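Model the full structure from these sequences, guided by the hints.
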Amino acid sequence: MSEKKKMAKSDASPASKATPPNATPKMKGDKVKVFYGEKQALMDVDLDIQPNEVTALIGPSGCGKSTFLRCLNRMNDVIDICRVEGKITLDDEDIYDSTLDPVQLRARVGMVFQKPNPFPKSIYDNVAYGPRIHGTAQSKADIDEIVETSLTKAGLFGEVKDRLLEPGTGLSGGQQQRLCIARAIAVNPEVILMDEPCSALDPIATAKIEELIDELRENYTIVIVTHSMQQAARVSQRTAFFHLGELVEVGDTEQIFTNPNDSRTQGYITGRFG
Amino acid sequence: MTDATMNSKPGTEIRRPTLTGERLKKRYAAERRFRLYGLGSILTAGLILVFLVGSITGTGYTAFLQTYIKLNISFDPEFLDPAGTGDVAQLASADYGGMVKKNLRDNFPEVTSRRDKRKLYNFVSPNAGFDLRTMVIDDPSLVGQSLDLWIKASDDIDMLTKGYVDRTLEESNRRVSDTELVWYDKLDSNDRIESRFNTDFFVKADSREPEEAGILGAVTGSLLTLVITLLLSFPIGVMAAIYLEEFAPKNKWTDLIEVNINNLAAVPSIVFGLLGLAMFLNFFGFPRSAPLVGGMVLALMTLPTIIIASRSALKAVPPSIREAALGLGASPLQVVTHHVLPLAMPGILTGTIIGMAQALGETAPLLMIGMIAFIVDVPGGFTDPATVLPVQIYLWADSPERAFVERTSAAIMVLLAFLIFMNILAVMLRKKFERRW
Numbered sequence: 031m032s033e034k035k036k037m038a039k040s041d042a043s044p045a046s047k048a049t050p051p052n053a054t055p056k057m058k059g060d061k062v063k064v065f066y067g068e069k070q071a072l073m074d075v076d077l078d079i080q081p082n083e084v085t086a087l088i089g090p091s092g093c094g095k096s097t098f099l100r101c102l103n104r105m106n107d108v109i110d111i112c113r114v115e116g117k118i119t120l121d122d123e124d125i126y127d128s129t130l131d132p133v134q135l136r137a138r139v140g141m142v143f144q145k146p147n148p149f150p151k152s153i154y155d156n157v158a159y160g161p162r163i164h165g166t167a168q169s170k171a172d173i174d175e176i177v178e179t180s181l182t183k184a185g186l187f188g189e190v191k192d193r194l195l196e197p198g199t200g201l202s203g204g205q206q207q208r209l210c211i212a213r214a215i216a217v218n219p220e221v222i223l224m225d226e227p228c229s230a231l232d233p234i235a236t237a238k239i240e241e242l243i244d245e246l247r248e249n250y251t252i253v254i255v256t257h258s259m260q261q262a263a264r265v266s267q268r269t270a271f272f273h274l275g276e277l278v279e280v281g282d283t284e285q286i287f288t289n290p291n292d293s294r295t296q297g298y299i300t301g302r303f304g
Numbered sequence: 003m004t005d006a007t008m009n010s011k012p013g014t015e016i017r018r019p020t021l022t023g024e025r026l027k028k029r030y031a032a033e034r035r036f037r038l039y040g041l042g043s044i045l046t047a048g049l050i051l052v053f054l055v056g057s058i059t060g061t062g063y064t065a066f067l068q069t070y071i072k073l074n075i076s077f078d079p080e081f082l083d084p085a086g087t088g089d090v091a092q093l094a095s096a097d098y099g100g101m102v103k104k105n106l107r108d109n110f111p112e113v114t115s116r117r118d119k120r121k122l123y124n125f126v127s128p129n130a131g132f133d134l135r136t137m138v139i140d141d142p143s144l145v146g147q148s149l150d151l152w153i154k155a156s157d158d159i160d161m162l163t164k165g166y167v168d169r170t171l172e173e174s175n176r177r178v179s180d181t182e183l184v185w186y187d188k189l190d191s192n193d194r195i196e197s198r199f200n201t202d203f204f205v206k207a208d209s210r211e212p213e214e215a216g217i218l219g220a221v222t223g224s225l226l227t228l229v230i231t232l233l234l235s236f237p238i239g240v241m242a243a244i245y246l247e248e249f250a251p252k253n254k255w256t257d258l259i260e261v262n263i264n265n266l267a268a269v270p271s272i273v274f275g276l277l278g279l280a281m282f283l284n285f286f287g288f289p290r291s292a293p294l295v296g297g298m299v300l301a302l303m304t305l306p307t308i309i310i311a312s313r314s315a316l317k318a319v320p321p322s323i324r325e326a327a328l329g330l331g332a333s334p335l336q337v338v339t340h341h342v343l344p345l346a347m348p349g350i351l352t353g354t355i356i357g358m359a360q361a362l363g364e365t366a367p368l369l370m371i372g373m374i375a376f377i378v379d380v381p382g383g384f385t386d387p388a389t390v391l392p393v394q395i396y397l398w399a400d401s402p403e404r405a406f407v408e409r410t411s412a413a414i415m416v417l418l419a420f421l422i423f424m425n426i427l428a429v430m431l432r433k434k435f436e437r438r439w
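Quick mapping for you: the protein sequence lines, in order, are chains A and B.
Residue 60 in this note's numbering sits at position 30 of the first sequence, with consecutive numbering throughout.
Residue 278 in this note's numbering sits at position 276 of the second sequence, with consecutive numbering throughout.
Worth flagging that the hints you see were computed from the coordinates, not collected in a lab.
Everything numeric in this text was worked out from a predicted model, so none of it was measured.
Be careful, since some hints might not be right.
List of simulated lysine-lysine pairs, BS3-like, C-alpha gap at most 27 angstroms [said to hold, decoys possible]:
1) B:Lys433 <-> A:Lys151
2) A:Lys63 <-> B:Lys252
3) B:Lys252 <-> A:Lys69
4) B:Lys317 <-> A:Lys145
5) A:Lys151 <-> A:Lys117
6) A:Lys151 <-> A:Lys191
7) A:Lys183 <-> A:Lys145
8) A:Lys151 <-> A:Lys69
9) B:Lys206 <-> B:Lys72
10) B:Lys103 <-> B:Lys188
11) A:Lys151 <-> A:Lys63
12) B:Lys206 <-> B:Lys103
13) B:Lys103 <-> B:Lys119
14) B:Lys28 <-> B:Lys72
15) B:Lys252 <-> B:Lys206
16) B:Lys434 <-> A:Lys151
17) B:Lys206 <-> A:Lys69
18) A:Lys191 <-> A:Lys238
19) A:Lys117 <-> A:Lys58
20) A:Lys151 <-> B:Lys317
21) B:Lys188 <-> B:Lys254
Shown next as C-alpha cells:
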C-alpha cells in the first residue's frame, strides 16, 4: 500500500479537515447540514472523499454516518421531511444543483445497502437491469458480457454461472450481497457507497466481501459505513469518525486507529463508549 | 447478576417463573377455548352457506327443466296459406295462434263448451304459435302436413308436472282445475308429457310468460355493464393509487383526498345512482337503461375499493426494492413500472375483482338510472336498453306467477356461478403474477 502519508492535523473543532492530499478529491462535502423535520442530524460536515480509496465512516448508532452517505447520491431526497443544506460536489460539480438530475447522479454514484435487496427476478436480470435502463449496452451480447464481467468482478460468477436464470432471491445472504455489488458495478459508477454491507452476513461471507472491496478500489472510489472497527481498519485507507451528528475526526486509517487526535475518537475505538 | 439487579430491588430474592400450577392451566384452557371459538365460527359460517346454497339449489334446479306436450299438429293451409301462393311473407304473417287452438280442439274432440276450450288453450304456452311459425318459415314444405310435435306447455302445466300443484286442495284454490287434471292425466298416461332441458332459459331474455323467460338478456346486460365498469375504474383507480402512493407529496391536500376516498367507499350505493341520474342522464343526456350509464355509475362506486386495495398492495412492496432500483439510477417512473407495480399486481387484481364482484351484485344505483325496465330483447350494444342479473332477480321475485319462484332461484344460481368464475379468475391471476422475494 503506497499510501501518501497525510498529515491529518485536526484540532478539537468539529469541522476539522484532513489536509488535502495532492490528488483532487472525488467528492467533497462542504458544511453539510441535514435536518429530519425539526431535528438536525448532521452539523456542518466537511469531508473529502479521495479517488480510488476506501473511506470508512465509523461512529456509534445514530451519529449521522448513514445520513451523510445517503446525501452523497441524494437518496435522502425520497424522504419527505429530510432537508439538506451546504454543498456536496462530485468532480467539482454541485450535486444538489437544481439543474442536476438525481437519476443521472445515481448512475455515477452507486449504492449497496445494509440488507441484501436483490430484485425478485433472475440473477441475470438483476445484473442486467442497470445497463438496460441506462442504455449502456446495445445488443444481447453486450449485456451478456456486462453480466459476466460484473459477476466475475463481484466474485460470484463461478458460483452462479449455471443458474443465471434462477431467482436472485434464492441465493444465500452473502451471495445476495455480492449480487447486489455486481448489480451496482454493472452500471460502472465512479463512486460506490456501501451502507454496512456486511452487517447481515456471517464472517466467511464478510471476509469475501472485504476482499472484494479491496479489489474494487482499483477502479472505483468507495465509501463504506461500518459498525465494525476491525472492518474499517482492514479495508479502508481513510477513516472518518462521526459522533452525535458531528464529524469528529478524519484521517488516515492507521493514524485514526493508532494515534487519534480527539479524545472522543480515542474513547470510541478503545470501546469506552458507543 | 445484572438481570437480577435490574429486575428486582437490591436485597430481594430472584424470582423465576414457575412452569406448573394454576397459571399454566389457565393459559392452556384459554388457548383451547380460543381454538374452539374459532372452529365454532367457521362451522357456523359453513352451515349457513350450505343452507343458503342448498335452499337456492333446491328451489331453483327445476327451472332448468321444462314440460313439453306431444300434440298432433296439422299445418292446415286454411290458416297458413289460404290462397296457396307459397309466399314467405304470407307464411310469416299467418294466424299461428288460431292454428294451435284448432289443433288443440282436434286433439281433444270431447271438449265442446266455450269455458272448457279456454282452459284447453291454456295448456300450451301462448308463444307456441311463434315456435311453429319459425318451423314453417324454415321449412315451407310443412304446409299441409300433419305431425306429432312436442309443444311447450304453459307455466301452470309445467308447475303441475314439477309437483308444485297440490291436488288435494279444493278446486277453487288451485291454478289447475279438475277438468284440466283429467286431460293432463290422460296425456300423461299416453306418454304425451315430457320434461326436457330448458334451453330457452339460457338463450332468451325476459318475458311475461314464465316458460318463455330467459336469463340471457340479463347476463348480457351484466357483462356489457361490467366491461364499462372495468374499463373505467381499473385504469383510473390504479393510476390514482400509484400517484397518491408513489408520487404525491404528503401534505394536507393528499390527506384530505385520502380521507375522502375512504369515505366514498362507505357511501350508500343508491347515492351513486342519484349522482348518475343527475349527471349522466339529466346533464349529459346519455341514454336511459343503458349498460353504458350503468357501467359508469358502477365505476364510480367501484373506484374507492380499487384505489384503497391498490394503495395497500403498493404499500406492501418492501421499500428496499424501491431503494435498490433508485440506487441504480432508475427514474421514479421506472421504479414503479419495472418493480413496484409488478410486485403489487396480485393485490391490485384481487382488489379489482372484489370491486367487480360488488358491482356485479349491485341493484340500487341501477334502479335510479332506469335499468329496472322490463326488456324482452337481448341487448346488442352498450347503448341498448338492458337489465342486469340482480335486477332481473328482483323483477322475477316480484312477479306473482308460481313459475317465477324457481326462475328467481335459478337466476341467483347463475349470478353465483358468475361470482365463483370471477373469484377463480382472481386466484389464477394472483398465481400468475405472484413473485416471491
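#### Entry: Structure versus earlier hints, numbers of those that do not hold, lowest first
When the structure is compared with the hints, numbers 5, 8, 11, 14, 15, 17, 21 turn out to be violated.
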